[in-house]
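Residue numbers (the numbering used here), protein chains in the order written: chain A, 364 to 654; chain B, 86 to 351; chain C, 117 to 445.
Don't take every hint at face value.
[Said to hold, decoys possible] One-sided excerpt, in silico: chain B residues whose CB lies under 7 angstroms from chain C: (1) Val167; (2) Phe176; (3) Met186.
Simulated from the structure, these hints should not be mistaken for lab results. Each residue gets a CB set at the ideal place from its N, CA and C atoms; glycine is no exception.
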Amino acid sequence: MPVDRGAATLLLYVAVLFVAGCEPRGESADLASSASGRVVTDADGNPIRVQPPARRVISLVPSATLTLGALGAEDRLVARTDFDTAAWVGSLPSVGGGLQPSIEAIVAARPDLVIHFGGPQDVQTPRRLEDLGIRHAAVRPDRIHDILDMVRFLGAVTGRDEAADSLALSIESELAAVRRSAAGRPDVQVAYVLGGDPPWVAGPGSYIHELIEMAGGTNAFSDLERRYAAVSPEEFHGRTIDLILLSRGTVFDARLAHGGRIVEVSPDLELPGPRVAASARELARILAHVP
Amino acid sequence: MRLSTDRLVVRYSGAARPALDGVSFTVTPGSLCAVLGPNGSGKSTLLKALLGIIPAESGSITVRNKPPRAWSRRDLARMIGVVPQGEALAFPLTVREMVGMGRYPYLGPLHGEGQKDREAVQRALVQCDIERFASRDVTTLSGGELQRVRIARALAQEPAALVLDEPTTSLDIRHEMAILELLRASADAGMTVLVVTHGLDLAARFADRMLLLREGRVVAQGPPGTVMDAPVLEDVYGWPVAVEPDPVTGSPRVTPLRSVEATGAE
Amino acid sequence: MRRVGLSLALVVLLACSMVASVRFGSVDLGTADVLSALTGVAPPWVRTIVVDLRLPRALLGALVGGGLAVAGATFQALLRNPLAEPYILGISGGASVGAVLMLATGIAGAGSWTLPLAAFLGALLAIVLVFGVATASGRGMDVRVLLLAGVVVAAFFSACIALILSVSEARTVQSAVLWIMGSLANAGWSNVIVAAVYTLPATVLLIGLARPLNLLAIGEETAQYLGTDVERVKRLALGVAALITAAGVAVAGVIGFVGLVVPHAIRLLVGSDHRALLPLSFLAGAAFLALADLVAKLVLAPTEIPIGVITAFVGVPLFLVLLRRSLAA
Chain A
364 MPVDRGAATL LLYVAVLFVA GCEPRGESAD LASSASGRVV TDADGNPIRV QPPARRVISL
424 VPSATLTLGA LGAEDRLVAR TDFDTAAWVG SLPSVGGGLQ PSIEAIVAAR PDLVIHFGGP
484 QDVQTPRRLE DLGIRHAAVR PDRIHDILDM VRFLGAVTGR DEAADSLALS IESELAAVRR
544 SAAGRPDVQV AYVLGGDPPW VAGPGSYIHE LIEMAGGTNA FSDLERRYAA VSPEEFHGRT
604 IDLILLSRGT VFDARLAHGG RIVEVSPDLE LPGPRVAASA RELARILAHV P
Chain B
86 MRLSTDRLVV RYSGAARPAL DGVSFTVTPG SLCAVLGPNG SGKSTLLKAL LGIIPAESGS
146 ITVRNKPPRA WSRRDLARMI GVVPQGEALA FPLTVREMVG MGRYPYLGPL HGEGQKDREA
206 VQRALVQCDI ERFASRDVTT LSGGELQRVR IARALAQEPA ALVLDEPTTS LDIRHEMAIL
266 ELLRASADAG MTVLVVTHGL DLAARFADRM LLLREGRVVA QGPPGTVMDA PVLEDVYGWP
326 VAVEPDPVTG SPRVTPLRSV EATGAE
Chain C
117 MRRVGLSLAL VVLLACSMVA SVRFGSVDLG TADVLSALTG VAPPWVRTIV VDLRLPRALL
177 GALVGGGLAV AGATFQALLR NPLAEPYILG ISGGASVGAV LMLATGIAGA GSWTLPLAAF
237 LGALLAIVLV FGVATASGRG MDVRVLLLAG VVVAAFFSAC IALILSVSEA RTVQSAVLWI
297 MGSLANAGWS NVIVAAVYTL PATVLLIGLA RPLNLLAIGE ETAQYLGTDV ERVKRLALGV
357 AALITAAGVA VAGVIGFVGL VVPHAIRLLV GSDHRALLPL SFLAGAAFLA LADLVAKLVL
417 APTEIPIGVI TAFVGVPLFL VLLRRSLAA
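Bound-form chain A, shown alone (with noise of 0.2 angstroms):
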């Protein structure tokens, strides 16, 4: 019977994969079991120890690159990838992107730390240098509060923990700052446009939502569902918006804006990262220009 042999047959293809899938990982240093050592945890729920430091890192993650750059870390950095713009990493060899990376390269690299994306952004990098038993660690530098924790775990595992903090309050007192100055202007609507046709634009629980309200505006699809969403060309007919802020480069309809503001932005505004504070100081400076 057809049936019975397939049945078979998956229940065989289930047993090789566990069997095969059970294979011993290679030595991976980060379990707690050790006898001392600070451990700190990453963005997927992960014990690191910190002890030693790492000396050859390779960041998959643009942000936490240049998070490193700002912790006085760069001579740690043994590779990079093709999204990493900073000057700084332009002598590294490449790995290719940060999704998909050679791991080839990665391993001729030698690092004794990778940092790759968290969760579901990536599931497969981390598996496969788990089964090479290099040490690895995510980040998710989602939203503000992210960057900070981001900034406080890279500074402990490199053992920069005070460039760490210091990076971490001068972000906040910055932030404390924007937010001071902006207090009492008039409301802003902000809207924020990614892109797309029908518009994908920025919801609650988003970076860039959290920007606009440092910056002292109110982002007009507060009430969207998700972070990030297609909505109706008709949603901008039926919501008051003083500003649109668009990706420079990204096509928009201007017939939308029914005489708000359109400003183009740079691309670097979207992307979590330490210079979180400079974006606000300049989302607060065009939002201050809109009356």
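The hints should help you fit chains B and C onto chain A, whose structure is shown.
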């Protein structure tokens, strides 16, 4: 090898009337039997039932003393060579490869063709007069040539019986006669030959027995002289006909008449 | 004999591509380094690259390529359709849905087998659905219904994927698209074992069914008259070919073109007898994919080009040349 049915009833599921309603007939070794009848009379159904492809509702079918479904498909294939009505070839194939398939019922998955197999194929090619295009692609052949290839394939099975479904429809005189002469020669050599056809005159010339079906029932069977009878044919085909001996061959010949109003003018 | 000559040529080609796949990669290693990595005396990172990355990847390419070609040839025979190929029953759609769901929900703590397993289960779902529809009449499997059901199920799964992606974040979408485009870059030894367990015995079984496949390629009625148990062979061959395809997609994503074009190319060279067509298609598919993977990983190193792109870019001109040659003959 005898092929026979006894009061065979075959019904397709959901059909109002049976496709075959109590058909009894026999084909004996060394004879050629032609099955005729209007479209929908059950001719192809009879072949399929005889070969065990479709089940019978009641009645019996005998292929060499056993019902066809009691034989394995392989054994049946070694006994009966079938040339079905149509095949749609999707991929290229040489004539020799196609005729060679007639030997498959004798070959297991691990066996290559042996000397015996090659000889059987060669004999079949010669018998059907297609040896000269043994290496040609079958899709380049004419209808008549392709039909001879398919008959050669059936002969390569070295069967005791040949069953053909409308083997000469749409063939020209030369090809049609060549095939009928081949079938006649096979019957004379001892094979049991069963042919479904539309051609009454040629069937009468070549067959030992004819079987005439209408709406799943046997209307007449026997030597051509018995079956080729004007009232019988008119009843079966629903058209006025005249039957007389052919002046050249002496065999009964059918002439369909013009419709009734015109008869007076003829 | 043409067949023997072609087999030898393909074996040599396969061997050369696999050797090249181990010797070359996105990282520059010398021949001496590669050889010493294989014999065991080399720095651990060189050993990792050669033995844990390049070697399984070369083997996986050969297994998946060979399997897809054999499955493609089998579907072409059973469906009596030269346009048939392994994904025609919606198998790639089902596998993609399984993989995309796994990527979108991002269960990060899972072992390295969850993604291929999810893809495989998705593929099985497609197979069960399509086979179920095709046998619903109770009168055996109607291959025309199978074909239609496959097309419809594939469209349904495409819609599912679009829905999942439309509510996922950008990087997840990127990961999903990269997976679907097919890649051998995540090859590990566990994937190789799985691919081997499915592909090799299945290929042997299909070669054993070569004569019934020859007959079925002409027609089911004719096959019956020549001694084939048509229903049994159809279910067995289709089921086995579907499983080869499911396993291939589960470990390597949707790599197109191999299953369609390689059997046709071999058919142009040695004809439609499956006793030669199947094994030679396996060898040709294996060599072809191994070579394509070599190009995919070297051309824009360290960026990987999706391997489906290479199979199309290389396969199309190759096939057109062969086609012209055969038409001229």
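Quick rundown of the hints versus the structure:
Interface restraint check for valine 167(B): the shortest CB-CB distance to chain C comes to about 4 angstroms, inside 7 angstroms, so the restraint holds. Annotation: interface hint on phenylalanine 176(B) holds; nearest CB of chain C at approximately 4 angstroms, less than 7 angstroms. Annotation: methionine 186(B) was flagged as interfacial toward chain C, and the flag holds, the nearest CB pair being 6 angstroms apart, inside 7 angstroms.
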